[in-house]
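**Q** Chains as they are written, first to last, in this note's numbering: chain L, 2 to 198; chain V, -18 to 443.
The set of hints was computed from the structure by calculation and includes no laboratory data. Hints are supplied without guarantee of correctness; some may be wrong.
Covered stretches of chain V, as calculated for chain L (at least 3 residues, CB under 8 Å) [claimed, not checked]:
no. : stretch
1   : 176 to 188
2   : 198 to 209
3   : 263 to 275
4   : 322 to 329
Covered stretches of chain L (chain V as the covering partner; in silico rule of three or more C-beta atoms under 8 Å from a C-beta of chain V) [unchecked claim]:
no. : stretch
5   : 64 to 71
6   : 80 to 87
7   : 131 to 144
8   : 182 to 192
Beta carbons: idealized from backbone N, C-alpha and C, even for Gly.
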Amino acid sequence: MTEAKTHDPSLTSWYVGEDFYQDLVDAFTDWQTDEREVDDLALRDTCRRLLEKEARLLDRCRLEDWLALYAPECVYWVPATPHGGDPRREIAVSFDDRRRLEDRIFRLRNDFAWSQRPQSRTARLVSNVTVFATGDRAELMVRSTFLTTELQAGDKRTYTGWYGHRLRRLEDGWRIVVKQVNLIDCDRNLRNPSIVL
Amino acid sequence: MTQDEAARRPNRLPTTQYDYDALIHEDRVHQSLYTDAGIFREEMRKVFGAVWVYLAHESQIPKNNDFVTSKLGLRPIIVVRDNAGTIRALYNRCTHRGATICRQPSGSARSFSCPYHGWSYFNTGQLSGVPWPEGYGCDFSDPKYNLAQVPRVASYRGFIFGTLNPDAPSLEDYLGPVRQPLDEWLDRHPGGKVAFCDANRLKFRGNWKLLYDNSCDGYHVIFSHRSLLAMENRLVAGNMPEKGMAFYKNSPDDGPIYLKYFGNGHHFKDKRATVEKRPGALWEIEGPHPGMERYEAALRARLGENADAVLDLASSEPVNINVFPNLHILGNHVQVSQPLSVSETDTTWWGTAVVDENGALHGEVDAVNALRMRTQESFPNFGEVDDLMNFEEIQAGLAAEEDEWVYMHRGLDVPGRITTDADGVITGPSTDEVFLRETYKYYRQLMTAEPDIAITREVAHD
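So that you can see chain V by itself, here it is in the shape it has in the complex (with noise of 0.2 Å):
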């Protein structure tokens, strides 16, 4: 750290006291990156400050003026598309000292107004007025007196992320291979979008990377999902296909089903082989959802031929898709992790609806959303809620600092599990811990590096 840098931050902390050489090995990790609140403090600047982070969806913000409040890290923001429809990520923090100036969830506003003094901005971080100016001998309008803003945004098809890094690769550049996923998940959709439609939302008494570590899990399925296994197939008799995730069951390395690890920290899980390719498969496999039979025979009645591919919509697509560090995309949701603290994590399963500008449903997006709200809250509400528990209780059990590691080394040393593409994209079967290998790869490359975290206060359009 130069003098200069120690004057503009007085407070920076010393890069490290961990050895993260030490905590992170090939095919274990120490418990105290789940517990230790040095840590936790030190992933919000390393890992929070240094990647794109999530920050919001276009749906949520779709008319200039309209803004959601989110959080960087632990840094409460505001996304806007302000006045000239730029979308901003400002800092929700008023200059003078200190308190947030937005405490709406959610809104449309041109200007934000401090509570505490009274000083305004306008939506693009500018500084509009303070009360009684002639009180003050400074420039009101230098811009060290603008709220401070992430310096980076920029969407990926409606997703919107930050990022504080300057030296960070562009958006698309840090996704990489992850983006065919995730735009293939897009493209099932008319017009190749989604809108946001409100959340289950849930929170755990766990480190927020146990969530991620359970994210491309396929080895957990059937063990912690075994009580919403068994309720989806409740009624299934005969020669009715199995529902929901029964894919799993039987021995799921030796099936379809596979995992990719691409860099970055971000993985892939795909079961969508797991399904005939026909219209209509992947309903089949639905479990029972309300209102479903009398939906599906109104489809079928007024759509004909055309109803399969319709009722595929309203069903959940499987695939995992995990964008480090707080985005994935599963079934039809768009999973949010928040770090609250080292042992409090928020999850936020946004439910998205089918936008259909063009016609392509047949005039059915109405029917086809009804039915889609309903598939989506199931898991959150039997399955999701057990996985939390675990969660829970794996923090509980970490506390036992002596017994020191967690292990991740299924498929490791196993030789044909595991092949490599020319760009270094790894795949796997669906139980093998090779992404949480690789994740912890590329967590102990940022731990042991200091970003040079940068805020603007420019307001400059794009």
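Chain L extracted, bound-state conformation (with noise of 0.2 Å):
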């Protein structure tokens, strides 16, 4: 891990080995436990204010904004099998690290990707946050409810499902280390699905 700390993550990947999965995997197994839950209002405020800026800064298209919510080595994860599944052996809807999550941004910038020409339009309505503690007390989970309502080509099209949020708390404040994305209909045909969910 010492020689991964020298690398840039942005242009390289060096964080993305078999301790980062297994590491990943079990984070996002059997976490949501009632007697996990936190009750701590504060802190409740502080991961909602950190799930509806991210919501607010998509919805608005200032992805370059977004992306500074996450922590330099963090995963976009949105996979193609209910419960997640095991990103090793399954294809992900989606599983960006940081430099796919720029190569990602990069590409929507580029006047050519025609999935979004024009650029469609969201309203994300994030709700039903609820907070659950870890056996590290800089590190929380984070489950929500989502309904992402998207305008493409003049039509209406909708996202929902639940995101489980990963954050630690760094040195300047809570990042996203892990978004995972699960929607309702993830092993279901979807329809363009080139937004960040």
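Assembly of the complex is requested from the two constituent chains, each provided in isolation within its own frame, with the hints serving as guidance.
**A** Given below as structure tokens:
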């Protein structure tokens, strides 16, 4: 891991290794237990505001500002399997490390990404925010329910499901380490899933 | 149609209400092929009912009693490996009143029971029982009460096909020379096989043929995928090799990429000659993917010079192998297209994983697959979405009925572009539309004939 620390995650993908995947799968297994639910209102509000800010930035297509909410070593994960599955053995709808997230933004900012020309308009509702403690005080898991309406080519569509956010407290505040997007139709055919969900 | 046939299928449609010779010309086809619901309905019979249609992959049903649901045209099908190991394609339609009997996309079951009135069937298709049989005056051992099934089901190296046409050639003959690139694609993997590992599932509002028309098209790449090409190469600097589909840049007709038309609508675009023939060359042109530096370093440390060949297995194989009407093998994906209506199509990009039963990968199969999952997610996320948008916009453009023609004459009447060998296999440059013209000749042949579609209810084993 010391070697990984010397690499810029925007340029190389040193942090996505076997240990990273194992930790990811472990973190997203059996985490939504009642006894771990966080009561602290201030902490819950901090998490809620972070999720609301994320939705607001995405709706305004401020993609670079959105990515700044993420830790340097992060994952945006849209499983194709209900409950997540194991990304080492299964294709996901999307599984982006930081570099691929920057690829994604680069492409969306390119004038020739036809699936986003004209650019979609979106309105995101994020609700039912529930915060769960982990064994690490600097880390929280958050479940929320989302409903994203997209206007693309004059046609309204919806994406809905629940988010699993893994948050970590870094020196400058809470950052998103993992965003898992669980679409209710993750194992069904999706029409032009080219926006950030 | 004889009187007997009319009695057997009282609702059988007249052969056609369309003049396909007027709709399909050498250089162009009529817009109604993509927009007319009546033509679509005929296709479900004359194309999907007449040829071998891909249904499923054997790795989806590895054990006896495993099943996966599929479609043959619009017909709902259960592909099952029955209790005795025979692969069958059962109609997912209760003999009694027509309800689907299997509503799970996959699973394992020795029998299927209709949720509506409880008729149940063994996974051979044989009726096993009906509730309160004393209320019936018939003999339920008559096979007419068994589930309908596709009469001819066959596999080619793991790919399961079915046909309703008793007059169709054998599957091997139907595939013909497209088997060679298919064999080569499989044989680059240990044991000559792959296993499905979930999918990128997409859909578009457009006719299914828009996807087939695109499948061997080397002309669209640098335009439709311009954003992907830019993205894959945004970090390339100095003497680094260009990444991904950069081999299409400049003048793709003068380079080593070529396409072949094999007959029966099958075609093949081969980009392998753009890559040096040495271990590791394919891996070198992979665009950036999650985990690639970390896994590569670990594999090189553990395997030394053997790492290159292993890394190539995580890399996208630069071929497009298209099996008419619904199967495409490209990169490491098995892409299946599924018409839903004249203007709606599902396209499912099955990921494939490497299987290593004999230790050919020095124990690194899990590392290869962890990389290979990520390489496969790239094109559906950043390339296919742009194609699908273009397909939808073609469908929108074709609403202009009186602007009648869709042109596919690139290469036509230009001397020296195309060669035809003794077996009739046509070879041309990668941007030539000869593959479209030849496919539509075959399509016209299908649409002007009437297959004698048959189902069976016999449950005899192979």
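**Q** Would you check chain V against the stretch 80 to 87 of chain L, counting CB to CB pairs closer than 8 Å, and say if three or more residues qualify?
**A** It holds: at least three residues are needed, and the stretch 80 to 87 of chain L offers 3 whose Cβ sits within less than 8 Å of chain V.
**Q** How does the coverage statement for the stretch 182 to 192 of chain L fare against chain V, requiring three or more residues with Cβ below 8 Å from a Cβ of that chain?
**A** holds (count 5)
**Q** Count the residues of the stretch 64 to 71 of chain L with a beta-carbon closer than 8 Å to any beta-carbon of chain V: does the count reach three?
**A** violated (count 0)
**Q** At a Cβ distance under 8 Å, does chain V reach at least three residues of the stretch 131 to 144 of chain L?
**A** With 0 residues in contact (Cβ-Cβ under 8 Å with chain V), the coverage given for the stretch 131 to 144 of chain L is violated.
**Q** How does the stretch 263 to 275 of chain V fare against chain L when you require at least three residues with a CB closer than 8 Å, holds or violated?
**A** Held - the stretch 263 to 275 of chain V has 7 residues with a Cβ nearer than 8 Å to chain L, which meets the minimum of three.
**Q** Can you confirm whether chain L covers the stretch 322 to 329 of chain V, using C-beta to C-beta distances below 8 Å and requiring at least three such residues?
**A** holds (count 3)
**Q** If you look at each residue in the stretch 198 to 209 of chain V, do at least three have a Cβ nearer than 8 Å to any Cβ of chain L?
**A** holds (count 4)
**Q** Do three or more residues from the stretch 176 to 188 of chain V put their C-beta atoms closer than 8 Å to C-beta atoms of chain L?
**A** Satisfied; 9 residues make the cut.
The structure fails to meet hints 5, 7 from the earlier list, while all remaining hints are met.
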